[in-house]
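2 protein chains.
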Amino acid sequence: MAGGVGSRFWPMSTTENPKQFIDVLGVGRSMLQLTLDRFKEVVPMENVWVVTSEKYGKMVAEQLPEIPVNHILLEPCRRNTAPCVAYVAWRIKKENPKANIVVAPSDHLVLNGKEFERVINNTLSFTAETDAIVTLGMKPTRPETGYGYIEADLSTPSARNKELFRVDSFREKPDLSTAQRYIKKPNYFWNAGIFVGSVSTFVNAFRIYQPEISQRFENLLPIYGTDQEQEMINKVYPECENISIDYAIMEKAEEIFVQPADFGWSDLGTWGSLHENSKKDIYNNVLIGENIHMFESTNCVVHTTQEKKVVVQGLDGYIIAENDDKLLICKFTEEQRIRQFSEA
Amino acid sequence: MAGGVGSRFWPMSTTENPKQFIDVLGVGRSMLQLTLDRFKEVVPMENVWVVTSEKYGKMVAEQLPEIPVNHILLEPCRRNTAPCVAYVAWRIKKENPKANIVVAPSDHLVLNGKEFERVINNTLSFTAETDAIVTLGMKPTRPETGYGYIEADLSTPSARNKELFRVDSFREKPDLSTAQRYIKKPNYFWNAGIFVGSVSTFVNAFRIYQPEISQRFENLLPIYGTDQEQEMINKVYPECENISIDYAIMEKAEEIFVQPADFGWSDLGTWGSLHENSKKDIYNNVLIGENIHMFESTNCVVHTTQEKKVVVQGLDGYIIAENDDKLLICKFTEEQRIRQFSEA
Chain A
3 MAGGVGSRFW PMSTTENPKQ FIDVLGVGRS MLQLTLDRFK EVVPMENVWV
53 VTSEKYGKMV AEQLPEIPVN HILLEPCRRN TAPCVAYVAW RIKKENPKAN
103 IVVAPSDHLV LNGKEFERVI NNTLSFTAET DAIVTLGMKP TRPETGYGYI
153 EADLSTPSAR NKELFRVDSF REKPDLSTAQ RYIKKPNYFW NAGIFVGSVS
203 TFVNAFRIYQ PEISQRFENL LPIYGTDQEQ EMINKVYPEC ENISIDYAIM
253 EKAEEIFVQP ADFGWSDLGT WGSLHENSKK DIYNNVLIGE NIHMFESTNC
303 VVHTTQEKKV VVQGLDGYII AENDDKLLIC KFTEEQRIRQ FSEA
Chain B
3 MAGGVGSRFW PMSTTENPKQ FIDVLGVGRS MLQLTLDRFK EVVPMENVWV
53 VTSEKYGKMV AEQLPEIPVN HILLEPCRRN TAPCVAYVAW RIKKENPKAN
103 IVVAPSDHLV LNGKEFERVI NNTLSFTAET DAIVTLGMKP TRPETGYGYI
153 EADLSTPSAR NKELFRVDSF REKPDLSTAQ RYIKKPNYFW NAGIFVGSVS
203 TFVNAFRIYQ PEISQRFENL LPIYGTDQEQ EMINKVYPEC ENISIDYAIM
253 EKAEEIFVQP ADFGWSDLGT WGSLHENSKK DIYNNVLIGE NIHMFESTNC
303 VVHTTQEKKV VVQGLDGYII AENDDKLLIC KFTEEQRIRQ FSEA
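The listed protein sequences derive, respectively, from chains A and B. Counting from 3, one number per residue, gives the positions in the first sequence under my numbering. Counting from 3, one number per residue, gives the positions in the second sequence under my numbering.
Just so you know, the hints here were simulated from the structure itself, not pulled from any lab data. The beta carbon of each residue, even a glycine, is placed where N, CA and C say it ideally should be. Check the hints yourself; a few may be wrong.
Pairwise CB distance ranges, derived in the manner of DEER restraints [said to hold, decoys possible]: (1) 63(A) / 283(B): 44 to 50 Å; (2) 326(A) / 60(B): 55 to 61 Å; (3) 210(B) / 292(A): 35 to 41 Å; (4) 80(B) / 298(A): 30 to 36 Å; (5) 70(A) / 282(B): 48 to 54 Å; (6) 147(A) / 282(B): 36 to 42 Å; (7) 18(B) / 63(A): 37 to 43 Å; (8) 213(B) / 326(A): 53 to 59 Å; (9) 326(A) / 229(B): 41 to 47 Å.
Every beta carbon over 12 Å from chain B, so not counted as near; a handful from chain A, in silico [unchecked claim]: (10) 6; (11) 45; (12) 79.
Based on the provided sequences and hints, a complete structural model is requested.
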């Protein structure tokens with residue numbers, strides 16, 4: 003899934019060039035490319051599909067030359083994750099009704115790729131033999147209020163796979179005291195938005211819990227892969243309800259499992275999490291750019307295009323981000339106002 | 003005089019595009035253009051001469067289309083103000099040995115143009131009839147340690163012109179306690195680096211006090227205005243001593259007068275003086291740029307190219323300056339380190 007607009011990272015990320023297409027970490031690969039890299043040992047590249055906005059199609063093709071161009075599906079408008087997953091599920095079903103799929107965001111961070119691979123392979127082996135949808139539950143390390151939580155029934159692991167447990171409930175982003183309560187319990191996990199299941203399981207779940215969405219993509223079965231696909235999608239897609247896969251399917255379906263996992267995950271949804279997850283200098287600054295010079299400055303993130311020479315003196319706890327035609331300087335503590343700043 | 007490199011205003015000002023060529027004040031005219039504007043009622047534009055570095059010749063011609071292109075004299079290297087004044091004095095002498103000239107820096111600020119005109123016209127009327135060189139003495143408003151001072155003999159004004167007084171001495175940039183002492187006395191003035199005199203007076207002063215420099219420019223009299231001028235200047239100029247007009251002539255010559263003046267002058271030599279002399283918002287910020295948005299920020303200067311959107315949150319007392327490929331954020335109190343920062 004690569005259709006997000008990344009407004010919280012303005013001006014590093016903009017509608018024209020959102021977070022998934024940016025080398026956020028300064029490692030030479032965009033978040034999207036790093037996401038693909040994680041799957042290279044898991045799935046042949048010709049089996050990868052990307053759903054994105056029509057205006058990002060060209061960028062996906064440029065950044066991911068390894069995947070077939072006709073596997074880049076274009077949403078004519080944003081309708082959250084449920085229509086996105088439905089579209090790609092039916093589309094893959096047309097190619098291979100027995101496919102087993104992993105649905106994943108394209109702008110998250112995973113530090114331990116080997117463990118990620120092991121966990122994904124484990125869940126795929128489970129969903130290949132069952133009608134379950136598995137979601138990955140991240141071991142919480144702090145009372146994060148920016149994530150949804152998964153409540154698991156840890157009493158009895160699946161008989162088929164001892165790493166998998168039934169989900170009791172999905173919990174929306176909590177307030178701080180609720181989050182503090184959650185993380186004291188062993189059966190609460192962060193919802194990373196990564197879902198694994200066979201394509202027929204996804205399709206069947208949509209048929210049962212989202213008949214209107216299902217009907218639309220089912221009707222298009224004859225034209226997937228033909229010249230009329232985009233035209234018809236452009237017609238049908240806007241009619242879909244704007245709803246997340248969590249609400250549309252996960253909270254309703256029966257056979258929902260969680261695999262608790264710990265592979266150094268972050269959604270990198272805030273400058274704070276970017277700071278936390280990046281390499282720091284001895285003054286706790288994260289410097290992303292080739293020519294950044296800090297004097298008497300601590301606890302900052304500086305993100306710039308690679309050609310720019312940046313000199314920062316005397317700042318503590320600031321975000322400094324700039325691109326060709328925008329510059330933001332603001333305190334970390336005010337980062338929730340960045341959307342407001344971007345509209346100033 | 004438009005040959006300076008403006009290193010104290012990095013990165014707004016760079017060797018490629020120094021301060022005199024920049025719209026420092028955000029008024030739509032560069033400092034050089036504002037300087038020419040001040041002389042428009044004083045002197046016909048075809049009598050204006052500019053001495054600059056050879057690499058800025060094109061920029062001067064572009065910014066000052068009103069003046070004759072062959073009045074832009076090009077220094078092949080920097081040799082401070084004495085060789086610069088000598089060159090233009092001999093060059094003008096060739097055109098008009100009776101000329102009366104004003105020598106002025108091109109990157110200073112004058113707020114009261116009418117009073118400037120009046121003062122310049124007064125000094126010109128004096129030097130047209132005498133062999134004096136007149137320097138303008140600015141009424142000091144604070145114990146500035148960044149300027150040189152002029153000590154005047156206020157006891158007897160010139161018999162010809164009651165605004166003019168003999169100079170007792172030129173004083174170098176003082177330390178703070180000395181500056182505090184100076185500004186308590188009525189006869190100490192800031193040296194604005196503006197000199198007025200007839201061209202024959204300047205030339206004669208050079209002949210007496212700087213015979214080596216004089217000899218070089220005197221020898222070129224036959225080739226001024228010919229195709230060989232630049233070639234010969236390129237040969238002769240580097241051999242000149244690197245010395246200021248103050249040291250070379252003013253401190254040595256006999257007939258040196260000062261006209262005390264008060265027309266809102268600043269050399270705009272520091273970000274501090276730029277801040278002091280510019281229009282401020284109600285939070286005491288100076289914002290130069292078309293698209294700058296301040297939140298909870300006070301006592302800052304922000305200078306940017308006009309297309310850039312800049313958002314600043316939570317800064318007090320900072321300089322934020324950027325151009326195409328450079329960005330500086332530093333405290334006002336550290337501005338004397340800007341040269342160091344520029345070399346980082």
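Evaluation of the provided hints:
no. : hint                        : result
1   : 63(A) / 283(B): 44 to 50 Å  : holds, 46 Å
2   : 326(A) / 60(B): 55 to 61 Å  : violated, 26 Å
3   : 210(B) / 292(A): 35 to 41 Å : violated, 56 Å
4   : 80(B) / 298(A): 30 to 36 Å  : holds, 33 Å
5   : 70(A) / 282(B): 48 to 54 Å  : violated, 59 Å
6   : 147(A) / 282(B): 36 to 42 Å : holds, 40 Å
7   : 18(B) / 63(A): 37 to 43 Å   : holds, 38 Å
8   : 213(B) / 326(A): 53 to 59 Å : holds, 56 Å
9   : 326(A) / 229(B): 41 to 47 Å : holds, 45 Å
10  : 6                           : holds, 22 Å
11  : 45                          : holds, 41 Å
12  : 79                          : holds, 26 Å
Hints 2, 3 and 5 from the earlier list are contradicted by this structure; the remaining hints agree with it.
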